[in-house]
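Now for the letters of each chain:
2 protein chains.
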Amino acid sequence: MFESAELDHKLSKAEFDAVVPDLRAKLLDMQVRLGRQNHFGVLVLINGVDGAGKGETVNVLNAWMDPRHIRTHAFGTPTEEEILRPFMWRFWRALPPRGSMGILFGSWYSEPILRRVERDMGRAEMDARIDEINHFERMLAQEGVLILKFWFHLAKDVQRRRLRALEKNPLTRWRVTNDDWNHFAHYDRFREVSEHVLRQTSTGHAPWVVVEGADERYRSVYVGRVLLDAITKRLDADAAEPSYAMPVAPIAPPPLDGVNLLNRLQPAQTYPPARYARDMEQLQGRLAMLVRRKGFDKHSLVVVFEGMDAAGKGSAIRRVTGALDARVYRVVPIAAPTEEEKALPYLWRFWRHVPRRGRLAIFDRSWYGRVLVERVEGFCTEADWMRAYNEINDFEDQLAKSGAVIVKFWLAVSPTEQLRRFDERAATPFKHFKITEEDWRNRDKWPQYVPAVCDMIDRTSTEVAPWTLVEADNKLFARAKVLRTLCERLESALK
Amino acid sequence: MFESAELDHKLSKAEFDAVVPDLRAKLLDMQVRLGRQNHFGVLVLINGVDGAGKGETVNVLNAWMDPRHIRTHAFGTPTEEEILRPFMWRFWRALPPRGSMGILFGSWYSEPILRRVERDMGRAEMDARIDEINHFERMLAQEGVLILKFWFHLAKDVQRRRLRALEKNPLTRWRVTNDDWNHFAHYDRFREVSEHVLRQTSTGHAPWVVVEGADERYRSVYVGRVLLDAITKRLDADAAEPSYAMPVAPIAPPPLDGVNLLNRLQPAQTYPPARYARDMEQLQGRLAMLVRRKGFDKHSLVVVFEGMDAAGKGSAIRRVTGALDARVYRVVPIAAPTEEEKALPYLWRFWRHVPRRGRLAIFDRSWYGRVLVERVEGFCTEADWMRAYNEINDFEDQLAKSGAVIVKFWLAVSPTEQLRRFDERAATPFKHFKITEEDWRNRDKWPQYVPAVCDMIDRTSTEVAPWTLVEADNKLFARAKVLRTLCERLESALK
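Those protein sequence lines, which keep their order, are chains A and B.
Going by the working numbering, 951 is the number at position 112 of the first sequence; the sequence numbering is gapless.
Going by the working numbering, 1310 is the number at position 471 of the second sequence; the sequence numbering is gapless.
Only chain A is shown next, with the shape it has when bound in the complex:
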């Protein structure tokens, strides 16, 4: 990986002065085009060895380009806010919206590489991390993000000389810390680990660019040139509207005998109101105690409600929140994405709402919109919703790894009962606002929703995040089942 970056690459001052004015002008033009075309965001990762000019290069880029359209994020030790959430949370927040550039100085590569160098991470955990990273970057690429990963490299003797030179100069002495020399003592191991990681994560859609960092003029121009070439090429290609989809094999067709997960359920269940009142009080008390338990500060609770219109999602949610202190939970209603949200990868708007430990987030509709409404209505391509199953599983896996308990409900109402509720809403003045033309249109698409729901349950019911089907024609039964399931899942997590 580093062969070509140990050749003492250099640019003389004269060469540098000759190329820079033109390069800067072209970079600025490119930025204008990027913003005007507004088709994709550019994510620039800056990583590598100490003393190889990472920080200086970021400064140069900001000086050469229009800094209003670049956002630079430096990631050091995680803040408390960040520690209490999944590892990737802080990086999601830093993703560049379409039409702009984000420079990430220290990225999802830094922590695993350093921990592996210090033998604080085993080979298997490292390989699992590499796998997660590859899934994540592939998802970004398929969402249209252009990913440019720079690795700043120095040969061992060059790094030694550079650290010594910085130390000798009173003006730069402050930049060499004990940490730098400690890292240098592990140079060989660091090189071996990072070479492994780079090779495993250098892909066609997100290849590493290794930059020899010794000569400031050389590395600045080289990085500028790579940015210019890569972004210009993509701008030209996007104008030609290429297709970015992997080939898609069709998902399994629905059962031939018409028997499916939904029509096998018995949505109508009996539940005597007197028993409901007693059970509800007990269940709400139980849930309230559970989220106050000491152990809950190591966990969070993520609850997803999905179901056809008028299935009773809202009223079930109110029964859950009725048990809770308003400071610990947040209800997140999911509607069509805003302009801001549309400018970022699909899952971004859900990552925003990931709760910290000790808290709950209740999603009234969720990321499953992609494999439900977006699939049925054709709001995204087949390739998009097909890959969404894996992306969603990865997302929930990361939530679970950070301690989240994930509970997902499909509220199953029968078509007859839905019709009854629609009519009731239409007839009751104060429920009038709850029924729209769109509800009737969705109802017509019931036959298309059924296979989408069954595929969703088959493909995203995982060990860490199983679906619970809730028979919802009887609202009392449904609410009690929801609360009971939440209590049981929390109890088993807090055991």
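Hints were generated in silico from the structure; no laboratory data involved.
A couple of the hints might just be wrong.
Treat identical chains as interchangeable: a pair holds within one or across any two.
[Claimed, not checked] Here are the computed lysine to aspartate or glutamate pairs in the DMTMM-like style, where the Cα-Cα straight-line distance is at most 25 Å:
id	residue 1	residue 2
1	1334	1031
2	1240	966
3	1314	1256
4	1270	1203
5	1240	971
6	1334	1027
7	849	1096
8	995	1096
9	995	1302
10	1072	1223
11	1284	842
12	1072	1216
13	1072	1213
14	1240	970
15	1284	1068
16	1072	1096
17	1133	1235
Starting from the known structure of chain A, fit chain B onto it as the hints suggest.
Here is chain B on its own, set in the frame of chain A:
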């Protein structure tokens, strides 16, 4: 994963009889179209629990379709030929050429799942295997293969009843073995392991289709319908010529200062002929002894020679083979692919020549053609050669895992020396045949080959398969360096 396959799906005899004639006719038409279009091969994997009708379904498919265009491969315990080669070797041999179908009964999934069930494989190794499988299937999909993966499932009580029923019937008793009941004793663990594997390997381009196996009529029609739909859809799509490429970020541009791995070398080295004669004798003897060493039967040796025309590949190879017993080595000259080879994924023609343990294969040019001549001449798309670096690393990784020692030589000749050799060849009658118009055309493309060679070395010099750059203007020096490197690599492997 199995939710929808535990619903007791059934087809009555009347329903079955009503749909099958039409289904068979359509399957036959589809086969004809597949062969006539001749754009892609179809790979069908058959896996799942015992007694769920895997074998019967394969028979049904062969009965319903034209068996001349389907090849069925059953994979049981590996043969000796197979054990002595990398794990994936036997599956590569079974890949269907374009225009045809291959049914793999028991595939790369069987062995890891069974070993994991029997706790003969840890979690980390399993995850590494899943990763390999995903790389492999993505490569196949990008090479145009349509992959259809069927998993035959039975709920636990259904499997118990089915095994008992088979046992009771004297005609089918033979089909239930002790192994079947042993497997059944591990039903829960088998289900858990296979669910994990299915979920991790169900991708947009190669999703799993789970088939409830209890009812013979149901499962046969279901599988037939999936095949028909999936292949027809792809035939229609291929007619519309879609693009299957992932978005590609450009590879790093060449160094700005013109310094690169090749022009930093000193191709002209001195080597007194007297010393050469002495060294050569000693080195050839050393190599001959090494491949006769007892430990070599756990290894194989894969040697790759690449270099510009007239760099001396042939003569270096003759010095290597001069040391060897003709029964243990094979020289594989790589020219343009044949029609048969073109009908299969790119790496297929190299997998064919993978040596068994205790043997050597010497490649005169190799799989690196994709990132050299094919890149430079535009014989494949940019996306194809960009992903080739990873695919080649995966390939060599699998060779190494099976015990292969991989040694790769780039014979670096200078343009001046090449010209001298060309002229010599043109002037010497018995060397005349060695110089063609194409050699001169390639020489003109030298400037395009240089970055391709540097990228290749940067991106495919791995721990298990590093490149050795050989200064080749002096043939004596080059040959001795080749032999010495081979001896050293073998010695360190046999230590």
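### Index of numbered hints that the structure contradicts, given in increasing order
The structure conflicts with no hint, since it agrees with every one listed earlier.
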